[in-house]
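J.: These protein sequence lines map, in sequence, to chains A and B. Under the numbering used here, read the first sequence as residues 1 to 280, first letter to last. Under the numbering used here, read the second sequence as residues 1 to 164, first letter to last.
Think of the hints as simulated: they come from the structure by calculation, not from any bench. Please note that the accuracy of each hint is not assured.
[To be verified] Computed far set for chain B versus chain A, every beta-carbon distance over 10 Å:
no.	residue
1	F28
2	H55
3	W89
4	S142
[To be verified] If you want a taste of the chain A side facing chain B, the calculated C-beta under 7 Å gives, among others:
no.	residue
5	F4
6	L5
7	L6
8	S8
9	M12
10	D15
11	S23
12	R25
13	S29
14	V35
15	L41
16	I109
17	A111
18	P116
19	P163
Note that the Cβ used here is the ideal one computed from N, Cα and C, for glycine as well.
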Amino acid sequence: MVFFLLLSVVIMTLDHRWHYLASVRSGLSLLIYPVQAAVDLVTAPLRSAGLAFSSRAALLDEIRGLRIHQELLDAQLQRMVTLEAENRRLRRLLHTSRETVEETRVAEIVAVDLDPFTRQIVINKGARDNVFPGQPLLDANGVMGQIVHVAPYSSTALLITDPSHAVPVQVNRNGLRAIAVGTGASNRLDLPFIPNNADIRIGDVLVTSGLGGRFPPGHPVATVTRIQNEPSRPYAWVEATPTAHLDGIREVLLVWTRPKHQKIRQVSPPTESTEEKWAP
Amino acid sequence: MGAVIRLYSHNWFIIVASFVAALAVTLFPLPAMLAPLRPDWVVLVLIYWIIALPHRVGVGTGWLAGLFQDAATGTLLGQQALGLTVVAWLVLLLHQRIRNYPIWQQAILILIFVALFRVLGAWVLGVSGRPTGFLYWMPAISSMLAWPFVFLMLRHIRRRYRVT
Numbered sequence: 001m002v003f004f005l006l007l008s009v010v011i012m013t014l015d016h017r018w019h020y021l022a023s024v025r026s027g028l029s030l031l032i033y034p035v036q037a038a039v040d041l042v043t044a045p046l047r048s049a050g051l052a053f054s055s056r057a058a059l060l061d062e063i064r065g066l067r068i069h070q071e072l073l074d075a076q077l078q079r080m081v082t083l084e085a086e087n088r089r090l091r092r093l094l095h096t097s098r099e100t101v102e103e104t105r106v107a108e109i110v111a112v113d114l115d116p117f118t119r120q121i122v123i124n125k126g127a128r129d130n131v132f133p134g135q136p137l138l139d140a141n142g143v144m145g146q147i148v149h150v151a152p153y154s155s156t157a158l159l160i161t162d163p164s165h166a167v168p169v170q171v172n173r174n175g176l177r178a179i180a181v182g183t184g185a186s187n188r189l190d191l192p193f194i195p196n197n198a199d200i201r202i203g204d205v206l207v208t209s210g211l212g213g214r215f216p217p218g219h220p221v222a223t224v225t226r227i228q229n230e231p232s233r234p235y236a237w238v239e240a241t242p243t244a245h246l247d248g249i250r251e252v253l254l255v256w257t258r259p260k261h262q263k264i265r266q267v268s269p270p271t272e273s274t275e276e277k278w279a280p
Numbered sequence: 001m002g003a004v005i006r007l008y009s010h011n012w013f014i015i016v017a018s019f020v021a022a023l024a025v026t027l028f029p030l031p032a033m034l035a036p037l038r039p040d041w042v043v044l045v046l047i048y049w050i051i052a053l054p055h056r057v058g059v060g061t062g063w064l065a066g067l068f069q070d071a072a073t074g075t076l077l078g079q080q081a082l083g084l085t086v087v088a089w090l091v092l093l094l095h096q097r098i099r100n101y102p103i104w105q106q107a108i109l110i111l112i113f114v115a116l117f118r119v120l121g122a123w124v125l126g127v128s129g130r131p132t133g134f135l136y137w138m139p140a141i142s143s144m145l146a147w148p149f150v151f152l153m154l155r156h157i158r159r160r161y162r163v164t
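Throw the hints in and build the complete structure from the sequences for me.
T.: Following this line, the structure appears as structure tokens:
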């Protein structure tokens, strides 16, 4: 009994302080993945029940809506190509090196509930797909979080709303830098250390600043929802809501970022048709 | 051949299967409203097997089950292993008494054991800098309510498959 108690305390310390146990956790996760996949499989019919019972007309409507949306996006993408080229040319004129190539792949969330007091998700891509710890995770609307544990066929991601997570951000309007810290609530981030007189307004979009070196710059993170100036305190009270749908989304995007002059490492052959490559 | 028969004669894999099932139910996605009320299934299954077969299931099993639960639910490795070790030790100490209690009285003890498991978890969470709220203690009550169901089902399985 004492032996197991000490063993627990020792491995907790190792795991918390020095992250020595990545391979142990990876092995355990590999053993547990079949259980998680089975739970995911069992709940799949429950999720798709809504689709099966919706009427043909509703589905046709949805397809029409999606088609219009797709055309809009295509039109914007045409401009995006020219803008990207222009941006690259201007950057070269300025001799800046902040030029990166991004590659994204789609991963699916495994529908399992983790500990309700940590904001984490399990996704179905792991070391076999070149996922690495610290890798940014996005959805179509913004930043979701980053990978913390990698197992061969699955990995665990920490969401930006976890109390132990913080993202370096900047206000899109004027470049004011801040840090968005998770609160544990699924729809709230706190921005500590913003002076009372800072130029920040409700509705401001916060994007990643890329300063931490972990998240690529320019991805939306959150929208400012509440600002309370308290003259008695040195900093304002600023809250923001994440733009990504952290609850109830199924597909997420994994991002590989590399400086332009490096070659993109070839990942294993694509399996999904939804895969996108943004390499110019 | 004799070794194989000896290996399978206790039907020990039923015990493993019950732990795997408990883990699967623990991971089963629930609506956000209900998720904090989820009973600690692995604790319940562990307590049952210790009461029923104290010579097979003990502190080591509890520790291992806790380690797997830590890996599965993404908590600090060793957090739930610590709690389950202490609970397993206490139940092992008291198993002859607990066996003779009526089921409702056992359920009250379950409340205490799960609360203890949660206290140890809260201690670890506190040390590693995560807040715990009121909802953190709810599984103690839901585990108490789930106990009769778990107890009767596992007893049925144990008798049916002659797990010894």
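J.: Quick one, is the A/L41 hint okay against chain B at 7 Å, beta carbons?
T.: Since chain B brings no Cβ nearer than about 11 Å to A/L41, farther than 7 Å, the hint is violated.
J.: Regarding the hint that A/P116 lies at the interface with chain B, is the smallest CB-CB distance below 7 Å?
T.: Nearest chain B Cβ about 5 Å off; hint holds.
J.: For the hint on A/F4, just tell me whether its beta-carbon gets within less than 7 Å of chain B.
T.: holds, 4 Å
J.: Mind verifying the non-interface call on B/F28? Its CB should be farther than 10 Å from each CB in chain A.
T.: violated, 6 Å
J.: For the hint on A/P163, just tell me whether its beta-carbon gets within less than 7 Å of chain B.
T.: Holds. Min distance 6 Å.
J.: Does the nearest C-beta of chain B fall within a distance shorter than 7 Å of the C-beta of A/S23?
T.: violated, 12 Å
J.: Is the hint on A/L5 kept, meaning its closest Cβ partner in chain B is under 7 Å away?
T.: It holds, given that the least Cβ distance between A/L5 and chain B is near 6 Å, below 7 Å.
J.: Using 7 Å as the Cβ threshold, decide whether A/V35 counts as touching chain B.
T.: holds, 5 Å
J.: Regarding the assertion that B/H55 does not contact chain A, is the least Cβ-Cβ distance greater than 10 Å?
T.: holds, 16 Å
J.: Please verify that hint: A/S8, Cβ, nearest Cβ of chain B, below 7 Å or not.
T.: OK, holds: A/S8 within 7 Å of chain B, min 4 Å.
J.: Per the CB criterion, is A/I109 less than 7 Å away from chain B?
T.: violated, 10 Å
J.: Holds or violated: is the Cβ of B/W89 farther than 10 Å from all Cβ atoms of chain A?
T.: Non-interface label on B/W89 violated, nearest chain A Cβ at 5 Å vs cutoff 10 Å.
This entry does not satisfy hints 1, 3, 7, 11, 15 and 16, going by the numbered hints stated previously.
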